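Residue numbers (this note's numbering), protein chains in the order written: chain A, 31 to 173; chain B, 86 to 289.
FYI, nobody ran anything at the bench for these hints, they're computed from the structure.
Among these hints, one or two may not hold up.
Stated by the list, open to error - Calculated pairs, DSSO-like style, for lysine-lysine (alpha carbon to alpha carbon, straight line, at most 27 Å): (1) A:Lys84 with B:Lys149; (2) B:Lys248 with B:Lys234; (3) A:Lys37 with B:Lys251; (4) A:Lys37 with B:Lys174.
Claimed, not checked - Distance ranges between label pairs, derived from CB positions: (5) B:Val151 with A:Asp151: 17 to 25 Å; (6) A:Leu78 with B:Lys220: 57 to 65 Å; (7) A:Lys101 with B:Gln159: 20 to 28 Å.
The structure presented is a predicted model; accordingly, all values stated were derived computationally and were not measured.
Positions of the beta carbon are idealized from the N, C-alpha and C atoms, including for glycine.
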Amino acid sequence: MNINFIKQINNYVIESTIEADDDEILSTIGHTNYPTWEDIHSVQDFILTAVKCKRQQRLEKNRALYFDAKKEREHSRAFAKTTKTVSEMFSDIIVAMQDKDKVPKGLLVAFRKQGQDGNDDDIKELWHTLVELGLIEISDDDQ
Amino acid sequence: MDTDSYYSEIEVEENLESLTQADIARLVQIFAVLGSSNRAGMSGHDVLHNAISQVLANERPWPKDVSVISYLTQSGRSTISNEEEKRSKLLIAPTIDEVVFNEDNKVAHTSAVVRFSNPSPQSGLESAQSSSIIKEWIEKVRQLFGEDKEASCFIEQKIAEQKKSKILIICEFSDQIYRNVEKRIKDKVRKRFPNGLPWGEIES
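Same shape as in the complex, but just chain B:
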């Protein structure tokens, strides 16, 4: 391995030992925002344990230009995605007891098999519910910045998926004002929604 670009085994151990209590709190919080509980059924600190084990096993080389927080965040993000995938397979796959064979040895069209091979008849309803949840959350964010005209303009343009160049023109921001408004929004949403918005619960 290229020791100039990647941390050695010993350096990785030293990096992990140098994690402060504040860093650990940040990581546990970040995993909660990423949906450790509702997507993977794991606590934030369980995801962090898992990420630390993977890092110590040297499963992926750690580039020296990536901070400990970023590296562990990426590792934890993969853990959550993998667990979510495993859970979703368990939910949709029929168990062997649910699969029934006909006399000619073909799979019978039982409810379990139909469920596995066709979209749920309730999917339309779930989609409507998801849309309603998204609307509700967007409204909560709007209300949070009701008194702040600059932030409100920024938020409306973000909802409309406008790029920075457009937002600068529409909201009449300089680069500096854009950064200030964005920072204000970041800090306020963190304090109001420390675990983020539960997008993992929303059917996309």
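So that you can see chain A by itself, here it is in the shape it has in the complex:
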């Protein structure tokens, strides 16, 4: 006796379930050996909640990406528009560096090196980095 025949019959039951009219399928709900309305509503609620949760996660992720990009744009714009001279930037850097609790050690080393040998571009770059780190505040007057 073969089990393949039993599996074939089950495949027929599945194919017929897929092919049957919606009205026929709906008329069986709640009968013995068929799904209950509770089953159907439980799945509908599950889909509603799961899709809503997925959309919320996507929204939050996109919102975070948007604000990161916006912040980056604002810093770049501030740097591009600033009217400060190199010596003013250098003064800003000196002031920022005096707050040793906030300034990372690596930056202090880089500052000392650039302070000794650095050119104008190095100072501009360091000023930009400190603006990005929030160690130098830019007022509207600077733009």
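Knowing the structure of chain A, use the given hints to seat chain B on it.
What follows is chain B alone, placed relative to chain A:
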């Protein structure tokens, strides 16, 4: 991902939201036929919840030419197989408490270890019982089509595992008659055995 061939995240969500009550009923029924309860110990709607979660997590890309019913059926089928495998491992593996070590640090031949490494002495009996169950179910299907000569011929040839080309000759069917008889059988077995035949309970 190739967005021409596969659904995007947003399209997947829309597809799931478009499932009708009839579609959900179909899927729950299909999982019952696939053995959600006797193979995986899960209800049909639990399997469907699981399948929906997997689809939403984008674990496998969903090709656009596969319908929502087919895709969720495949996903649910995998869930049932995986759960069945997990359950079978739990049943045959001895627990750490059952494993006893000898003085020379070798695993002792306790009943648990022997059970794990050798076929059950009852396997012959189970095989005979399975054969009896299969015979019983085949007889039920035969009886269902006792009055329908075309369907009976079709069924007998399917039991003998004949291919369509042979069935056409032996039962003297045209292609159209073959399709009609097959459709008649499909609909009748669905109405008589809505949860299918319990092959998951049979030791193969």
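Tested hints:
1. A:Lys84 with B:Lys149: holds, 21 Å
2. B:Lys248 with B:Lys234: Given that 27 Å is the threshold and the Cα spacing comes to 19 Å, the pair holds.
3. A:Lys37 with B:Lys251: holds, 20 Å
4. A:Lys37 with B:Lys174: Answer holds: Lys37 of chain A to Lys174 of chain B is near 24 Å, not above 27 Å.
5. B:Val151 with A:Asp151: 17 to 25 Å: For Asp151 of chain A against Val151 of chain B, whose Cβ atoms are near 57 Å apart, the range 17 to 25 Å is violated.
6. A:Leu78 with B:Lys220: 57 to 65 Å: With Cβ atoms ~47 Å apart, the hint is violated.
7. A:Lys101 with B:Gln159: 20 to 28 Å: violated, 44 Å
Going through the hint list in order, the structure does not satisfy hints 5, 6 and 7.
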